[in-house]
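Spelled out from the first residue to the last, the chains are:
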Amino acid sequence: MLEKTKNIARQILEEKKASAVFGLMRNEWNIIQPHLFEDPAGLANLVLEPKWLLAKLAMRILRSSPENYKLAVICRGCDERALIELIKRNQIEKENLLTIGIACSQEQAAICLCDRPYPEKLDAGEKVSGVDPFQDERVRKFLIGNDKERMKRWADMLKRCIKCYGCRNSCPICICEPCKLEDDVWVQRGVVPAETITFHLIRAFHLSDTCVACGACQEACPVNIPLLYLQLGMRKTLREKYGYEAGLDPETKSPVLSSAFEKPDTDREFPDWINSLREEDES
Amino acid sequence: MANISVFLCKCFGEIDNTINFDFLREELSKDPSVVLISIVDSLCLETDIEKTVSQIRESNSDKVLIAACSTLSRGNLVIESLIKEGVERHKIGLVDIREGCAWIHGDNPEDASKKAKDLINMGIAALQHKDMSDDMSVTVHPNALIIGAGPAGLAAAMSLARTGFKVNLLERSKVPGGMLKLISRCYPDNDDASNKLGPYLREVENNPLITFYPQSKITSVEGDTGNFTVHFSFQEKDSFIQAGVIIVATGAKIFFPTGLYGYGEIKNVINQMEFERQSLNGSLETKKPVFIQCVGARNRERPYCSTICCPISLKNASRIAEDIPGASVFILHRGIMTPGNTLEKYYRDTLSSGVQFIRFEEEQPPRIIGSDYVEAVEVYDAITGITRKIETDLVVLSTPLVPNNDNVQLAEMLDIEVDRYGFFSEIYPMHPLETKTDGIFICGSARWPVSSDHSILQGKAAAMKAVSYLRQSKIAASTLSRVPGLKSGHARVVPESCTGCGNCVAACPFDACHIEKLEGRYISIVNMMKCKACGSCVSVCPNGTMQIPEHNYRMVGEMIKMAF
Amino acid sequence: MNPEFIKTICPYCGTGCGLIIKVEDGVAVATYPDREHPVSRGSLCIKGWSAHEFINHPDRLTDPLLRKGDTFQKIPWDEAIPMAALKLRETAAKYGGDAIGGLSSAKCTNEENYLFQKLIRMAFKTNNVDHCARLCHAPTTVAMVQALGSGAMTNSISDLAGAECIFVIGSNAAESHPIIMGEIYKAADKGATIIAVDPRETAVTRNAKIHLRINPGTDIPLLCGMMRHIIDEGLHNENFIRARMEGFEDLNEFLHLWPVKRAAEECGINEEIIRNVAEIYAKVKESAIIYCMGITQHACGTANVLAICDLAMLCGHVGTEHSGIYPLRGQNNVQGACDMGALPNVYPGYQSVSDSEIQNKFQNAWGDTLSNKPGLTVTEIIGLAGKDIRAAYIMAENPALSDPDTNHVLESLKAFDFLIVQDIFLTETAKFAHLVFPSSCFAEKSGTFTNTERRFQLLRKTVAPPGNAKEDFEILCLLGNALGLDFSYKNPSEVMDEIASLAPAYGGISFDRLEREGLQWPCPDLEHPGTRYLHKDRFTRGKGLFVVPEHTPPKELPDEDYPYYLSTGRMFAHYHTGTMTRRSSFLNREVEEAYAEINPEDAALLDVKDGEKIKITTRRGSIITNARITKRVSKGCIFAPFHFAEARANMLTNPALDPRSKIPEFKVCAADVRKESQDG
Amino acid sequence: MNQPRILIFACKWCGFIGADAAGKKRISLPSRFRVIPMECASLVETDAILRALAGGIDGIAVLGCHIGGCRYNNANHTAIKRLELLQDLLDTTGIGSSRLLLSFGTAHEDYQFEEIIKNFFDELTLLPPLDPWL
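Residue numbers (our numbering), protein chains in the order written: chain A, 47 to 329; chain B, 2 to 565; chain C, 31 to 710; chain D, 16 to 149.
Treat the hints as calculated values from the structure; they're not laboratory data. Every residue, glycine too, gets a C-beta built ideally from N, C-alpha and C. Honestly, I wouldn't trust all of these hints.
As the list claims (entries may be wrong) - Here are the computed lysine to aspartate or glutamate pairs in the DMTMM-like style, where the Cα-Cα straight-line distance is at most 25 angstroms:
hint, chain 1, residue 1, chain 2, residue 2
1, D, Lys39, B, Glu15
2, B, Lys475, B, Asp108
3, B, Lys31, C, Asp555
4, D, Lys133, B, Asp108
5, B, Lys254, B, Glu418
6, C, Lys639, B, Glu418
7, B, Lys31, C, Asp640
8, A, Lys299, B, Asp420
Claimed, not checked - Covered, in the sense of this in silico footprint (three residues per stretch, anywhere, with C-beta under 8 angstroms from a C-beta of chain A), are these stretches of chain D:
hint, region
9, 19-29
10, 38-44
11, 109-118
12, 124-131
Unchecked claim - Over 12 angstroms on every C-beta distance to chain A, these chain C residues come out as not near it, computed from the model:
hint, residue
13, Lys37
14, Ile50
15, Ile76
16, Gly126
17, Thr232
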């Protein structure tokens, strides 16, 4: 998988399809970090593990670079979905972005509770089946029980918040500047823990129909709040009620935004005699 | 912090017999931003208004809060008269402490007073942040454009021209008249169609204000309310027209039921349109016609009733029964639809003229007997429960009107709605001729199958609606409110903080927002002429950049904080 | 345009989290967490996330500044350095070397601290070198060296997750060491009992299983009460004590003064809780103690720490994997600054200056004679300004805000004949300087930081210093050479090697190894993997020593004139004197103005509404700040963060010193609060 | 526990008119609810609802027009979808979707309004308090 990815990346660079390839690099002191590969030789240091979400970094790079700058991103399923959401939200020019899709391992999928551990455009690696988060013990622990128990459980969890904004900063979809979380109309400023209901639920709900379940928020949380679980319920509803899933293709907008109004099927064919009749009449 | 003067209305005891005004005064005096507390018996009489205004002038207050009855009572009147006196709309706040408090908590004065206090505090908090949205106005182009020269279009054209406006009348075919040209007589008065059409056709010919464009097809539409530019091909040449209003009168067309009852294969199975044609050119000869109703209508595919087929059948059937001696005429129906007194009479007359009616069920449709020529029709009489075999020499199928194929494309060009079948539709039942875009009206069978009379009626109505736009030289966005009362404002974007995510575009029910690329980043632009200030965009805007200044999020937030 | 991602270390608290700085065209534009970092593991706190923001701030100093009357004038380096050298030399010649004082910095790298103390010690033959550890963890160093033989955190941060009971006393880790708080929660998720002791209600106490809301300054009664109960119940670890401890009898004897009853009365909580807590702590297999400023910043700070050590050793909760004592260091390199001997009494590696053998060792190494007389401390150097101390060299410190009784400090700062301040911004202190050296921030230099768990970590240079500003390392070398010393170091790496050669505990540390991963000292040789936890089989001092903790109540207690307890501390969005965080737009937006927390009941008495101005007065001065009404502080207590230059909480604090460690009593003093009339 | 607090976002074409009509009929109602008139149900920001819950308000009601009766080209469809999604979130976190009452269609008549308010009060009194959050 690694070799294949390297080859694809090398090809892209050699054929000048993109100005640079964005991925993970391991340097001579085997320190791993994100890196822009600009010459094919550098690709020797390319690595794919660990799971390191690059979508937001890639977006920032593209935003701060000239119009024609093309970037190839080595991305996992969640990265790709995030990038697609960003295209949808006009943050990235579609044509400036290439993706090199790599599949996640079964273990990784299990860790992330990922129901789609592979990109739509898969270039390297084998698709593995996703896991159903609702079958997972960790999740069930938070979702079972009556309101009272769940409330207690979540309140205790969220009260740990130290308001580092890491969940927001690391979220690939959170692009607003200014952000409502910094507005004291909605969230009281300068107190720790952050106001639980407002800070966390506003954040969670703003992502309701755009969350790609990459888990960046959860990984960035210093106090181990399972923020991803907040989204699962809403993602489920969207999938079951409207058959919508965020980040699958740039065209479909979220159903929550439209006032679902069915248009007639225009391709109904009628024998168009009425006009011929007219013709006859005029003659 | 704006200085606010508060006016508390006792409403001659209606309010203060429940609410303790001394308590209110005491509480309000704690608020530093309140510079004047005036408790009065009434606010809504002329004398009161003068007093109020003078008091406002004296006090150095920037904004006015009125605590009285609700906007739906005389509250609005007070606001309006204050505005007449020169107080700006966004500097007036109204708190409803009568309907909203005194009258529903009469049994508990203490709580009522507390609630009144809270409500007033909410009002003050909101008023502090209340802002005024910017407005724009366009010069109205004095011409009208009418699409379709059927009865509706013609009627509209005539009325507009007679009111003195230039009218451009576009028609797809070579001559005006629409479907009315294709039929002999009209129900219910059995008048000759040409007579009905005549005056309008003459008007089109003679009235210099009306320009007729035959064989033209619309290609694209630009502009907004009051100033549309319509590009169209006129006799294969591209051309364009500017217009202040557009009336859509494209009509509908008859459904050709290929395959049903051997239609298309068997010679003596025809539909109403062909029946009309034959009777026009005198080629019609039949003694035993059988009319079958609801062919291809009121079924799964087309659940609606086309409303005009029954009267048409009655018209044609009675005509045969009367004109041709010894004729036996049958109408096989699924319930005759003849609403209104005239049509009901029409039905009874037909009955007395000897036409026989048989009711069948959708599950058991009539069966035609004969392979290349129909000798008889077999039908199960749902009322008597007897299966009858009817000798016939002509089977006439009553088919519904269906929308034109290009309705949807046209609707997209004009940015108006079509219903689920493809007819043009109003967006709110209370305003039947108006569409999503102000200044574009629909009438006649384009919006629903109707008789020629109704088409003409609607055409005239639409014309009058159009006049209400055309007669103004300039038209302000803030007045474009279809619903009674003024619009509350327009959505406003702060370009600096707009992320260009496009939620507003997706959510706006009036397509008022669109995304534009300005110096390298996308931002949302609001078209005030289209914006109706419903706030759909506000609630989906991820960072509150999109706001309605008269009802912005700060107001809501502060009100919530003050609520209890 | 080619963005680079460079790993480095967070410049704020002592946790030492890993950052990735994004550099575009030589400008640091963003900060991201380092997923691979052993401590932070891809998380950061609000300060870390915005660490890059102050780097490009317009206020950054770009040229050396020379005082001309009340204003400053830019001068080139080749004037500044000789002038500094000359002035210092003159002063030294005139008043003797002991008239020079040097304040090193816990914000600078180990190499810089080493060079600084070497410079002061060699050039002026004095030990008057100290740094702000004096204001946070001096008692720790003193007490833990006495009791265990080493003044550092005994275990590693990651070990916390395994503890079965975590006893957090006088620390608001959630706000001042958020990432460590994460580890505590990990333990809690595994079922560990979290016990929090704090007069305030903080994010820690709210999430702890048990919260002991004791009266301010009654930590020793509490701890003694617990120990008494533990011994009475026979829950103390006798084998451990027999095998590895000395002085148990004296302690036991002393503890008879502290029956649980008396302790409870002193602390103002009921006996049951104390018993309960004591049992929980003693019974479980491995329990850790976390403490911080709440313990040390008292006139009895040393005794407090001793009591903690006693408690831990009494139950044998030292020297195992998940137990231990965790003094949370406040600054990114305060541990390092101490290790590097930026202290008046020790050379690098805590080698006493008064020990002739060691003195010889350093004299040989540095090739010059050295003073064996312990020097003066921060507070003394400032206090004796213009008297014994005529000239001072302050590197990246801000006593004008950080030291107690600010008014007095400001007076002293004026009193210096000659004051050199080396900093990245024109701090409140620098405003008093005669000469200001523009130096470089964490992102602009390479070197090593040592975090609170004794982990040497490599700091990488991401961008160049602004304008003509230089790396502190370079400035020190220039000045050293100008003072006639041989400071011909090519790079910090060489300095590190010299340190390794002189301080056995750091013998195995080299930049090459650090490039790969952090190393926790002691690390005597190049093969040594570093030490995760200390005192495994023997204490550093041989046997552990029980020292009797004498309780002395706070020097200043509320009375009728000053009826409130005032306590100072940190809050989550700002850091220390705010030099950096107040200049970070995001953090400043989070908390714009100074405030003081006050209990609703008191607020009602004073008729103060939330956000209104109040005036806090103590015997030393008064500030006007915004009231924040909250139940977090109990009735009769006021809490004021000290980050805000416009309302300097330290104008109020009590300079009373702890006799042994010389730490001022920041945490408790008596204050009076009035509502400030809007117009006034 | 004392009487719950209710905040009502009322569409000014239906919900608010209903409330007003109730007032005109002088129907006696429990006092601890506040009505904020809205241009349309689709103007109700979910953030405002959460803000209210965080502010110690026990229940929020959103009263809008009939489905298909919206003055704004079915804008209320959007509101329903979004608020139902919010209800999911409230359920996940145990706050309970029953704290967010969506009523589209009724409540533009006085007695329905009375009924809704009274039932909502009863329902809320049965719910566990929100204290853990505050």
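Quiz item: Tell me, which hint numbers fail for this structure?
Solution: 2, 3, 6, 9, 10, 12, 13, 14, 15 and 17
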